[in-house]
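Engineer: Chains as they are written, first to last, in our numbering: chain G, 1 to 288; chain W, 1 to 338; chain V, 1 to 333.
Since the hints were made in silico from the structure, they are not lab data. Some clues are possibly wrong.
Said to hold, decoys possible - Within a straight-line C-alpha distance of at most 27 Å, the following computed DSSO-like cross-link-like pairs (lysine-lysine) qualify:
hint: 1; chain 1: G; residue 1: Lys107; chain 2: V; residue 2: Lys199
hint: 2; chain 1: W; residue 1: Lys185; chain 2: V; residue 2: Lys245
hint: 3; chain 1: V; residue 1: Lys245; chain 2: W; residue 2: Lys183
hint: 4; chain 1: W; residue 1: Lys102; chain 2: V; residue 2: Lys199
hint: 5; chain 1: V; residue 1: Lys245; chain 2: G; residue 2: Lys242
hint: 6; chain 1: G; residue 1: Lys9; chain 2: V; residue 2: Lys139
hint: 7; chain 1: V; residue 1: Lys199; chain 2: W; residue 2: Lys120
The structure presented is a predicted model; accordingly, all values stated were derived computationally and were not measured.
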Amino acid sequence: MSAFKELLKTDRRFLIGFFIIVTVIILAFMSFFSPYKPDERHVLPKDQSPSLQHPLGTSSLGQDIFWLLTFAIKNSLIIGLLAVFFSRIGAIAIGLLSGYIGGNTDKVLTTLADSFIVLPRLPILILLSFAFRSNLNFLTMAFLLAFLDWAWPSKRYRSQILSLKEMEFTTTAIFSGRRTLGVILKEHIPFLIPYIMADFISGFLWAIGMEITLSVLGLSNLDTPTIGTMIYWANYYQAMLKGTWWWIGPPVIALIITVIGFYLLSVSIGNFLDPRTRIQRIGGWRTE
Amino acid sequence: MRSNPLSIVKVEELKAYYVSESYGINSVVKAVDDVSFEIYEDEILGIAGESGCGKTTLLKTLLGTIKPPLSIFGGRIFYRIEDEYRDILSFREGELRDIRWKIVSYIPQGSMSVLNPVRKIKDTFLDFMEAHRPDISKSEFDSLVKNYLGALGLPTEVLDSYPHQLSGGMRQRVTIALSTIFKPKIVLADEPTTALDVVVQRGILQLLRKIQREEKNTLVVVSHDMGVHARISDRVGIMYAGKIIEIGNTEEIYTNPLHPYTRYLISSLPKIGDKAYRTGVPGSPPSLSNLPAGCRFQDRCPEIKDICREEEPSLVEVNDNHKVACFLVSKGEENYES
Amino acid sequence: MENLLKYIIPRIFQCMIVIFVGVTIVFIVPRLTPMDPVQSIISRVTALVDTDPRAVEKLVETLTDLYGLRGSLLEQYLRFWKHLLSGDLGPSLTMFPASVVDIIKISLPWTIGLMTISTIIAWLLGIILGTLAGYFSNKRWSQILGTVVMCIYPIPYYIIALILVLLFAYLLPIFPLMGGASIGLKPSFSWSFITSLLKHGFLPAISLVIGTIGWIFMSQRALISRLVASDFIVFAETASLPRKKILSYLIRNSMLPQITDLALSLGGIFSGAIITEQVFSYPGIGVVLYSAILQGDFNLMMGISIFSIIGIATAALVLDLIYPLLDPRIRYK
């Protein structure tokens, strides 16, 4: 908590990122107060430009774009969060096993991760989501994304563990009679938490990007509003050609702002972790 | 020592501070604070002091490599260039380039990575020559480098090696060769033996001394190790918390140290036959960003007086070859004892 | 020599294992899906004309053979490897009777041309800008450049491509919207074909450069800012070596990790091509792959994926093998 306050006070990137995220979350929460249902269509006049009544206008499907956007943001955030949750659970588990047990277990898991790394992710993702598109909901979508995004992070966690294992305090703790599991939980996990946070954000951004990619290719559940499906429908009704910019514009802008916000947070946290800047922050100057 | 040596460098009231404004907090670290001294021709001057006392910063300013967050808050550094004293703090980048390696040169700490790891030693020499002596032809260069390395006792095979193939001592010799090959008038060495093992250290010190005796140039050696100064330096300056607190002939300093801090440093040296337990200096130096009023050594001084907490002692001459900044020697006696 | 073998053989072996596992995953994944390519063809055929049930049965058998779907999963798998090792990827379902290899041959040059050129441009530009920004990190322009890149980097590639199309094909119609070259022009070295090629390739290439440069720029800047503080750079600067020389020291020493990145991203071209080619209607392998997936063309899908896996794994292997040439510290161990 003190780290949070310090970051908020000292790093402008963190401040901006935090502000953006709070705004985005408020927008997502506003969906609960929407006067329209997310799947309601043809209830309003089509293609109305922004007005007081409809701050972002209406779509060719007769939807209010502002309220639709609040649903889309909420759903995209949920998919991204679930996907990163699953993929990082897998990645951390495999990385920890690999790193702590070592030996043959490590070899097998590392080869498996390497094989997943050389897989062409996007084609496989397209294939799977095409095959299962009738069953796609938030959970299955998140599972699909997680299935293809655990390999790199698991390797990174493995190398983090290996370097933690080498550190002096590990040996000290083990010599002083602590159980290995205790050492992992009490000494290592706290070290990893900020790293995990930064990694979560980057996985989250990847998942959101992939959701959009799949949606604009028409490979997700198109009836659920997400940022991706909003863009899909806007493209489908040729919003660009018709000049209904208030339809294609808001999801694109909302997405850009969201990803920048999260990215700023992860950069700021990463910077906070860097021992060189840590020294600078504490204010101790090396004169030698 | 000549009675009236000619100075090659005169440092006057030099102030070099680190200023950091990161995250809205301003802090000033007074690494070199109002320092004046002279460096003579044909001598080895040692600068001693604990780590963090500003020795390296002093060296940086002598070289003119002043980059933020380090900046100069006052003072001048005169170099005698073609019989004329010129302040290098007023030099532009181009003028600095002209004096580096030809007039003033630098030997860094004997660490692993002073040489470009992906370049052969030969090519690194070539890079340095192209920068400072573009007039030398390729064939002249070859024989110049080979002869010089030979004179320093290095086999010519090192030229075709990469740095990681050489031992630590060998690398440091190559670095010394690289720094002295253009016969600079003054060589500044920063802890030249610190990262090396004891046997290698000895060889490096002998090499430095040999080069100085042959070239009759000036060598400034910065080291925290009083043993190094005893072995190599003609004169020694002791730095404490950003100040030179005592400076004089090596013999004077070692036999008749006047500042209590110097006395501590000398008494911590091992002596043959003396088996007494060696203690370090008690306490720790003050923070350079938050200095006390008065003498900077006050909190660790065994012989502290009232004036030491009020006024800062300045460097005063004890005799021709010895200066010290301490009220035990100077003002203290006048004001309090008479 | 013995050392060399000790270095090379385990790496070749590892690369083969990775390819093996990767190809196996590609073999299994489509078979796990509820898609049945044979049935989907049959239903398409029978929808058009009334056919004799016996003829349909025969067709089913032929198709099952052609797509390697006969027998148990294990039998299919073994046959699949036998064909693969003889270089036979089978016929394409959707573009019958063209073989998968032929289809790849036609569409691959477009993709390779576009992707390689833009990846290399992005890489060079990213390295140069990243180096300058890392070296002059206190300069105003460097900080502005860093902020701009930081804001572009997290944006999903599709959005970048979409914005470029919006701006330069719809709002300011400077560039053509679709195709690899104007329709009717035959591939040749004529002036008109080449200008048409460049004009059509420009927007997709720019989108790829913007999409990939962010990562290269930021990783290079981070590498350089670490190197700038390293002893040998500080020494070289103290010795007043010319700035050009210092920059070349920096670039040479930062090259190793960056070459890894380049090789891996060149290997991953197939995957990345899908979106680019979809958004810009570019006639490369990505579009072929996309339609193969949508139409359940297993052979074509697997063929392209296998190409991609072999591409990435080989790139990683070649890299491992040439690493010692680039880094003397590994060479002389």
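Engineer: Look at each hint and say if it fits the structure.
Structural biologist: Evaluated hints:
A threshold of 27 Å between alpha carbons decides the hint, and for Lys107 (chain G) with Lys199 (chain V) the separation of about 49 Å lies outside it, so the pair is violated. Taken as a hint, the Lys185 (chain W) and Lys245 (chain V) pair is honoured in the structure, with Cα atoms around 25 Å apart against an allowance of 27 Å. With a C-alpha separation of about 23 Å, the suggested pair Lys245 (chain V) and Lys183 (chain W) falls inside the 27 Å cut-off, and the hint holds. Note on Lys102 (chain W) and Lys199 (chain V): the hinted pairing is violated, with a Cα-Cα distance of about 56 Å set against a maximum of 27 Å.
Simply put, Lys245 (chain V) and Lys242 (chain G) have alpha-carbon atoms about 55 Å apart, too far for the 27 Å limit, and the pair is violated. Pair hint Lys9 (chain G) plus Lys139 (chain V) holds up; C-alpha atoms about 24 Å apart against a cutoff of 27 Å. For the suggested pair Lys199 (chain V) and Lys120 (chain W), the alpha carbons sit about 46 Å apart, so the restraint of at most 27 Å is broken.
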